[in-house]
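**Q** If you want the building blocks of each chain, they are given just below.
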Amino acid sequence: MTKVSEFYKKVRRRKKGEGAFLARRSGGERAVFIVAFIILAVYSVSLLLPLLWMLMNSFKDGTEYAMDVVAATTLRFPEAWKFSNYANVFAEITYNNVNFFGMLGDSIYFIVVGSGLELFFTTAVSYVISKYKFKGRNFIYSVAIFAMTMPIIGNMASGIKLRAAFGIYDNLLAVFFTAGAGAFGFNFLMLYAFFKSVPWSYAEAVFIDGGNHFTVFFRIMLPLAMPMVTTLFILSAIAGWNDYTTPMLYFPSFPNVAMGLYMVSQTLTRGDMSTYYAALVITTVPVVALFAGFSDKIMKNYSIGGLKG
Amino acid sequence: MNVREAEDTLGKDLSEISQKKPTKKKRKKTEWSRIVFIVSMLAIPVVSWLIFWLYGNLNMILMAFQTPTGEWTFRNFVTFWHDLTAPYSEVGVSVRNTFLYFGLNVLMILPIGTLIAFFIYKKIKGHKVFRVLIFLPAIIPTIVMVTAFKETIKPWGPLASLGIKFPEAGLLADPNTATPTVMFYCLWTGFSSIMLLMCGAMARIPTELFEAAKLDGCGPFREFFSLVVPLIMPVLSMQIIFSLTGLLSASGPILLMTGGAAETSTLNYWIFINTQRGTAASGAYNIVSATGLVFTFIAVPIIMLVRWLSEKIEAVEY
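So the sequences go chain by chain: Z and H.
Quick note: the first sequence, position 134, residue 134 per this note's numbering, numbers continuous.
Quick note: the second sequence, position 32, residue 32 per this note's numbering, numbers continuous.
These are calculated hints, taken from the structure and not from any lab test.
For clarity, every value in this text was computed on a predicted model and none was experimentally measured.
Among the hints, erroneous ones may be present.
To be verified - Beta-carbon label-pair distances, calculated as ranges: (1) Z:S142 to H:S249: 18 to 28 Å; (2) Z:T73 to H:L100: 49 to 59 Å; (3) Z:S142 to H:K28: 24 to 34 Å; (4) Z:D296 to H:R222: 43 to 53 Å; (5) H:K28 to Z:F176: 26 to 36 Å.
Don't be surprised by glycine CBs; every beta carbon is placed ideally from N, CA and C.
Pulled out of the complex, with its shape left as it was, chain Z reads as follows (with noise of 0.2 Å):
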């Protein structure tokens, strides 16, 4: 028992001497780290203070920093906190008969519908074609690689068109029929290569229970798959939350709330600012809230993406 504690002991040392090692900074390397700690710090505060001031701004009537913009002094805090801004948003934000409330559900729409079941179809396509063999899955693959690589510019038309001749152009059914295609994307490689790392005997073990196909990759496979799923799920939600461009080309009549309050912004006045602000405010929380209990995830994701070839 002492032996091994020892040998531990012996072990943890050596450890922390390496750490120690790495760590330690001579004196030019040390004031190398300094500069570069300042301009890091000053960078890191200059993404954040634009913020800050709009979330002070967005507490201000819309009469004090109407005021404030005539004098230049937009950098101080509000003279009354005007909470009742961030109710106003609800009521006075409207693009085409479209509130708040319903650009809301329409971005949570985009991202539920639309993004899970593209992320669903993208499952099952990585997972038939890393596990079973048959004809045509190493061309179903060469196609999927060469589009994702494929810069192609200008189809937003042909899209538009597509979707007019098929009913579903300015439709929230659409995505029901348009999700398929993005099976083949970014995430199909990830999950493509997660598939390819599990056992297949977890299958044969389902076999002999007398499972089918089906109940390996709803049972087994879809629960295995099921962090990496979060993580691209999560990554996409805050993509789709974030998208404006989309809905502007194929939803014109539904805007989510990034298009919905960019297409306010073009005729605000300087006294509606403020709960403009507010808006803004309330449009950061959600991801910033996903980001914050996820971020290890997303990190850690981010950087798998970078994996050499």
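Dock chain H against chain Z, hints included.
**A** This is chain H only, laid out in the frame that chain Z set:
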């Protein structure tokens, strides 16, 4: 779970089961259930892809050679050429700006982002906080970041309150300052994903190499240029390709910044806005398709060349 574990759970010897040859009928049934599974999993995505990706893109090629009413013509390409070569041409400006942004990405954002990643990887004081803060622009909606930035540089914004003077009309209204301002914004918010990707790449470098470098008296600059950069070269070259495809397939913050005014348009933005505001009957869709087709034909060989060159760079195995 492997077969042995399955045996333990089931309490039977599975080798006996597996040695029993399945009857012809049973084999046929298994084969059929396999086919049904594969087809039902692939059918919807494949059909949807064939229609909305493949036919959608082929249709773009056809549209480039058609009038709004569907007759064959080369007129769209003539119009495109006139648009490109006319003085003060918006297409010309868009092409120039697209190249400027590519230069910005490759010459500024990529190297500086890699350098930031290096310091964060080397655990500079506060690296965890920096990592989160620098990643924020990738999370916060573009409409929020852009509005915050635009207000910051207005004559009444927070910087003006601190005494910095800005032109009354704003930096984004003057063609001389508009594009540099948007480029500054892209630089200011551009390090998020590069930093994380590079941190990931650096974390895969074995620490022994850093120890050896340190024993040889290597300073941080030498370490960065002679050790880190060559080792993460494959990731760097991949990023160059991604930044080019990204520029061509997304219009960035142009719409929110200026709406393309003051000579700030880029190629993708020009196509986006002409599609969004145009109508099928006006012929705008056909001209947009022709323009897209021309630039796809220019971009594909460039991307292939960059890929080929990056493969030529000897990959370091570690």
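**Q** Now, for every hint given, state plainly whether the structure supports it.
**A** Evaluated hints:
1. Z:S142 to H:S249: 18 to 28 Å: For S142 of chain Z and S249 of chain H the Cβ distance comes to about 21 Å; the hint holds.
2. Z:T73 to H:L100: 49 to 59 Å: violated, 36 Å
3. Z:S142 to H:K28: 24 to 34 Å: Holds - the Cβ-Cβ distance for S142 of chain Z and K28 of chain H, about 31 Å, lies within 24 to 34 Å.
4. Z:D296 to H:R222: 43 to 53 Å: violated, 33 Å
5. H:K28 to Z:F176: 26 to 36 Å: holds, 35 Å
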